Each structure stands twice: as C-alpha cells, then as structure tokens.
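Fit chain B to the supplied structure of chain A, relying on the hints for placement.
For the record, the sequence lines run as chains A and B.
Sequential numbering from 1 applies to the first sequence in UniProt numbering.
Sequential numbering from 1 applies to the second sequence in UniProt numbering.
Hints listed in this document are in silico derivations from the structure and should not be mistaken for laboratory results.
Mixed in with the good hints there might be a few duds.
Stated by the list, open to error - Straight-line C-alpha distance at most 25 Å; calculated SDA-like pairs for lysine to any residue:
1. B:Lys119 to A:Met83
2. A:Lys74 to A:Asp85
3. A:Lys74 to B:Gly45
4. A:Lys74 to B:Glu19
5. A:Lys119 to A:His89
6. A:Lys74 to A:Gly26
7. A:Lys74 to A:Met58
8. B:Lys74 to A:Gln123
9. A:Lys34 to B:Gly45
10. B:Lys119 to A:Gly71
11. A:Lys119 to B:Gly71
12. A:Lys74 to B:Gln23
13. B:Lys34 to A:Glu19
14. B:Lys119 to A:Gln123
Since this is a predicted model, take the numbers as computed values, not measurements.
There are 2 protein chains.
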Amino acid sequence: MIGIVLVSHSKKITDGLKELIEQMAGDGSNLVVKSNGGTDEGELGSNPMELLSTLEAMTDCEEIYVFAGVGSAKMAVETALDMLDDAEHVHDFSDYPLVESAFTAGITASTGASYEQIKAELQQFN
Amino acid sequence: MIGIVLVSHSKKITDGLKELIEQMAGDGSNLVVKSNGGTDEGELGSNPMELLSTLEAMTDCEEIYVFAGVGSAKMAVETALDMLDDAEHVHDFSDYPLVESAFTAGITASTGASYEQIKAELQQFN
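Here chain A stands alone, though its shape is the one from the complex (with noise of 0.2 Å):
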C-alpha cells in the first residue's frame, strides 16, 4: 500500500483533494489517502500532533508521501517528521505545490510506480 498524506490549513481543500486524487486513481487501488486539514476544532490552522498521529498509524503502507500546502503548513509537517520515530519510508514534498504535486503523485502511484518513478515524475514541479 502507498499512502499520500495532504496537508493544509485548510480541511476542504485537504477534503476536496482527496476526493479528487481518489476519483481519478480509480477503485482497487493500492492508495490510502489522508486530508489533514485545518485545526482539530475544525479551524483554519495547522495541528502537527494530528499529523503525527496519521503518519503512525498507517502501518501498511511501504511508502508514504507528504504534501503541504503554503506557510506553516510545511512547519506542521517538520514538526511531526522530527516526532516520528520511524520516518525511512516517509518522503516530504511540502516543498511542491500542493495541487498539483499531489494529485500526479497519486496518479502515478496507482499505476504501481516506485518512489524513484513517482520522484522522478515531481521533479516537473522542484
């Protein structure tokens, strides 16, 4: 399983994201995505702890990749890179836009690309 986790401080555009990403990568695919949007109030804002607790329990996945939306969005993910005992598999893109770096990553993943493919494929966005 590939997981791709978005963050923003945003919860639609997280929520609206993940439908998109999903639609398009079709069913049966090897894809979790999670929208870690907004605050745990349901406030715009950031909630590294959420974000740690997402990572850690996604234990099925052999990969997983972090994209961020603008500000301290991309704090909230270092924050909880730094608290994450086991971060090997975890590759942060918070430095690529969200949208769009996102949504080809999924693409791509569910196709059965590896990290060096789906690496490979953002790069258009670096």
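This is chain B only, laid out in the frame that chain A set:
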C-alpha cells in the same frame, strides 16, 4: 477592486482556498475572491459557462486574476476567456500552482499592489 477567481474540479478546494485568502487578506481589503469549483450540479468537474458568468459579473474589478487546478480546469479557463467580450483586464495564471500562487496574489493584492507588482511576485512559481 481587485478580483481573484479560483477554478478547480473540486468546489471544496476553491471554497477552502477562498476562505484561506480572505482570512489572510483581512477585512476592509480591496479584494473580492470567487470560488468556481466543480460542476453546477455540485459534482467534481469543470464548468466554463459558470466561470464566464462569474467573470462577466465582476464589473467593479479593475483587474481580475484567474487561477486553476489540474487538468481540464485550465481548459475551462481558456474556453471562458475566449468567450469573454472584454478580457483585457483578466489575467490568466492557470498554469501556476493553484493554492500557492492564488494565496500569494491575494496577500499581495490586499496591500494595494499593481498588476506589475503582483505579476512580479508570482514569477517565483513560474
């Protein structure tokens, strides 16, 4: 008044991004943000005719900046702009990263920046 128009297959994404920009741009700003995501039935997809209506109705905006997400959202922008009678003050940034560039344009525009200043600020994403 400056207009920012957000286009995506997903209404959740454009609604969330509108909220994010409005929160950061603050009250009393000279900025209006329009969310044009999804189809007119509320499904995932694009809707060039609704976008055209939105642009035509923004008669109080001296400059309008259009941002779009992946895939045919960009084509919806092209279609709407081709059909728009007076498109000289409408600036197409649909090739730019949706969240990051619209957010940056919104913050920059809310300070009273000119088209040239906003365009220059957005070059970091080109």
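Which hint numbers does the structure go against, in order from smallest to largest?
-> 1, 3, 6
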